[in-house]
Amino acid sequence: MTGVAIISAMAVWGAGWFVNVRLSKTVAADTRLVRFLVPIIFGLTILIIWELLVRLLGISAVILPPPTVIAERFASEGPRLWADFEQTVIKGAMTGYICGGLAAFAVALLADRSPFLTRGILPVGGFMAALPIVGTAPIFVKWLGSDWQSKAAVVGVMVFFPILVNTVAGLRDTTSMQRDLMRTYGAGYWSTLFKLRLPAAMPFIFNGLKIATTLALIGAIVAEFFGSPTVGMGFRISTSVGQLALDMVWAEIVVAAIAGSAFYGLIAWIEGRMTFWHPSQRK
Amino acid sequence: MKSALPVLTVIAAILLIWIVAVVPMNIHLTADQAQRDGLAVTPETPVERQAYSGLGLTFRNPGLIAQTFVQERPRLPSPHQVGAELWKTVVDTRITSKRSLVYHGWVTLSATLLGFAIGTGLGILLAVGIVYNRAMDMSVMPWAIASQTIPILALAPMIIVMLGAIGIQGLFPKAIISAYLSFFPVVVGMVKGLRSPDMMQLDLLRTYYASPSQGFWKLRLPASVPYLFASLKIGISASLVGAIVAELPTGARAGFGARMLVGDQYGQPLVTWAALFAAAITAAALVGFFGLVERLTLRRMGMQTA
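Going down the list, the protein sequences come from chains A and B.
Going by my numbering, the residue at position 154 of the first sequence is 154; the numbering climbs one at a time, nothing skipped.
Going by my numbering, the residue at position 243 of the second sequence is 243; the numbering climbs one at a time, nothing skipped.
One chain only, chain B, in its complex shape (with noise of 0.2 angstroms):
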């Protein structure tokens, strides 16, 4: 808790970053549209405001900014319009109805879940199969290595069309691309994990006269958890962003990436930036759930927590 407070001097600072940016960012629409209200605003045509930059119209129109913050469609939406949005979109409207946020929420999270189930076990197999298989190693391993370099995401709408070209639509497309993120991180993760004991441990079991499924099920496996739980919340994160992007290019009706697309496509920013701290909410969420489960786990099991 001794981080407390220097965690929310950096937010406040953030925060008022964003709130003094806001004026600026939205001075020429406010003062369009106190133009069109009847009120006197210094160049008095907008050719001619086009000229000053947001800073520079704000000094010649100082009885503007209080308006900057409550604009309609704003280039930057002030936190507390925002804060207000998803408020109305995620407890005041019912979660059966399509702006309910908590409903787009559910189509993007069941995507994510689905695919990282998919991409941490087949992960896991793949990983025990590199330890424990030579000729996999040296054939596997550089490729699980390698295609980490790669933009993977550019893959999502091929892979999309792809599935839906064989009749494949919905949730699994969304969750195969997700699966795949999640995949390789666990992968890597997972192999050095397995292989984290060391030479004195591998003995001691050999002199125990260990067969090598009590050495995996005994001492490898407990000692790859914390690599494990490492790998588990960088694939959730991965996963998501993965859901999300692959809502993108297929102009899907439902889920955080849709709702993205409808406030920009049809020019409600807030839609827009609602939808992302939605999606910023819901990736802290996974994360710190795994982060406690790791805590919970590795505590049960006498590890100290990384």
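Next comes chain A alone, as it looks inside the complex (with noise of 0.2 angstroms):
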């Protein structure tokens, strides 16, 4: 048995391979279907192989449930996802990334009128960005209660040093050339604000929100394992892993994956319309 399972696991890996192999080396590689049609033939590969030996093999599900079983639970725990979901991302991931934002916008803008302090923060944030800030989670959890302020707590954390340095280096990036000019034109702190330091720290700006998206998931969740409400992502992960029930928690991560991608390809929208004069946009 065990050896029918790796035969037809390599099999199918030879397959598939194969077929990407072709693939990439037609002419029509560099087209857009090509180019889309690779990774997923290389996703479903991985996807039967895991299939083929979980079954073949008859690994119990305890240690790792095959697609299909995962796929049956996503799609019957629905409202239940979907509860933790909303508790999740859009209560706690959601509102802390908005409000850490926020701050560090605003954060940002102040210290930019004064270089001194300019010169201060780019490394202290820059080194606060690279710490565990994830172990502050059950500080938060303690203060404000387990519900998802405490969540919001903590993602608002995590995402404001990220946002923070790219802002400041962002408004610091125009040349004397280009300030010169506003100065010519009679501007004040306020139109050269507007008219020009934003919009060129608008690619920075993007880069930070970005980078944050997956934090403030992350924060979000790891905060439930210190003590949630029944519901949310964090603690329905912990519960089923005690309880074995480990379709669930592969259900929960498909929903995490597709919240993430989701969340990181809603700012990367918004950043190509928004700066769609940048050189890294032009197509």
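Heads up, a few of these hints could be off.
Unchecked claim - With a cut-off of at most 27 angstroms between alpha-carbon atoms, the simulated DSSO-like pairs for lysine-lysine come out as follows:
#1 B:Lys192 - A:Lys210
#2 A:Lys91 - A:Lys210
#3 B:Lys88 - B:Lys98
#4 A:Lys142 - B:Lys98
#5 A:Lys25 - B:Lys192
Bear in mind the hints are in silico, worked out from the structure with no lab data behind them.
Now that you have both chains on their own, put them together as the hints suggest.
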């Protein structure tokens, strides 16, 4: 049985790989369709091998459930997964992301008025962004209770520093030529800010916002490990692991993956609309 | 060194905000304690005091301000309390003791470093594969990029249980999570770095009749070093976060994560705060170490430090 399993898995791998190698060497390799198709085929190959190995080797669902079982669970637990999504992503992550982002933006604008503060904030903020801020989760849960407010606070602190550092760096990203031009136009601080410096800072700000999307979800999920109401993705993951219901855990991970990609995609889409003039957006 | 003064100013400002915040955060606790000790507190019962905000209660009891800084179980410990706890558990405790943060730090750090080594090694190998094999590039790269938008840390408890079920426990599961987190930044950074030589340079090597392996060792690999270090610095802090989070859901007995959890569950905020700061210092030291190695290596190679 083991032999059959390994041989069939290798056959699937070989077939998938063969198709991809052929596809990538065709003339059409640079078309959008093929660029889209190749990773899909690769992903499907992995899923089929996973399914085959788990079924044929009889791996217990406690260790690794096959993809079809996960998909079934995903389909049948729709309402519960939606409630978890709402609690963790909408209430926890989004609220924290927006508050943390606005706070970082405000502090960046204030600090920007003084070059002295800017020089201090850039290294300190960059340093803080590298620290394991997730560790503050138990403290915030103790202060703000176990509902979504504490998660939003953790998320807010986590996203604060990357957005702050990028905004401050972006606001400095104008040449003295450009600033002089604004001065010859007789532009004051505010019109220089809105017409020159903020637009010039946009690519940096969006870079920070994109880094922060992943951090926001991580913060919201991990903070739930420290205490949460009986709903939420982190809560469901930790309790389902305890009940050895791994298909449920995987279903939550699918939700997290979709939410993470969608969140990132949303910010990237807004970036594309707002910084269409920037070289990095040219197609 | 020009930015030393601004940096110190910002740090001083943060410390000041912290110290000021200690008073209203702890005033309710302090008032309750003071009443038990027989001191006069202005609204007299705890229930009445709950109606006041932290600031309001502070203004009614200015005499209690000094005591908010020395509570045994504060909501927000003051900086000197955290410092004292750190000193006590790092310097004054034997490192073999279960209370020593050096002991716990080593537990977390060993998992971090093992995972980081695995993740970086595999990441570099995969990056080389991606650069030299077009099919691999087209199939794996989109997934590598997409996986960065996924909260991978959510997988941590499951990986630990999965590995636990097949009999692997202790250091290794944590290292796997660390490896997983440092893997993708390294892949993405290295692919960028190995592709950074431009057409002119590649053509030059071709005119020298250089073999592909010479092209790799003499041009692509050296060119990728600055990118590698940038990824290593991201990867090592991600690895540390991974190792800490991996200790949380499983009720690990040792490590920074375990200390945070213990402090949380047994109502010893100082333990949590000390573990948090120790973890932060460790992360800073690791990132700083790679920054130093980066500067030395790039100088030896005649490149400019980014």
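Practice item. Measure nothing beyond the straight line between the CA atoms of Lys25 (chain A) and Lys192 (chain B); if it is 27 angstroms or shorter, mark the hint as holding. Key: 22 angstroms, holds
Exercise for review: For the pair we were handed, Lys192 (chain B) and Lys210 (chain A), check the Cα-Cα distance against 27 angstroms.
Suggested key: 19 angstroms, holds
Review point. Do the alpha carbons of Lys142 (chain A) and Lys98 (chain B) lie within 27 angstroms of each other, as the hint requires?
Key: 25 angstroms, holds
Check your understanding: Is the Cα-Cα distance between Lys88 (chain B) and Lys98 (chain B) 27 angstroms or less?
Key -> Roughly 13 angstroms separates the two Cα atoms, so the pair holds.
**Study point:** Distance restraint between Lys91 (chain A) and Lys210 (chain A), which requires alpha-carbon spacing of 27 angstroms or less
**Key:** Status holds; Cα separation ~19 angstroms.
Of the hints listed earlier, there is not a single one the structure fails to meet.
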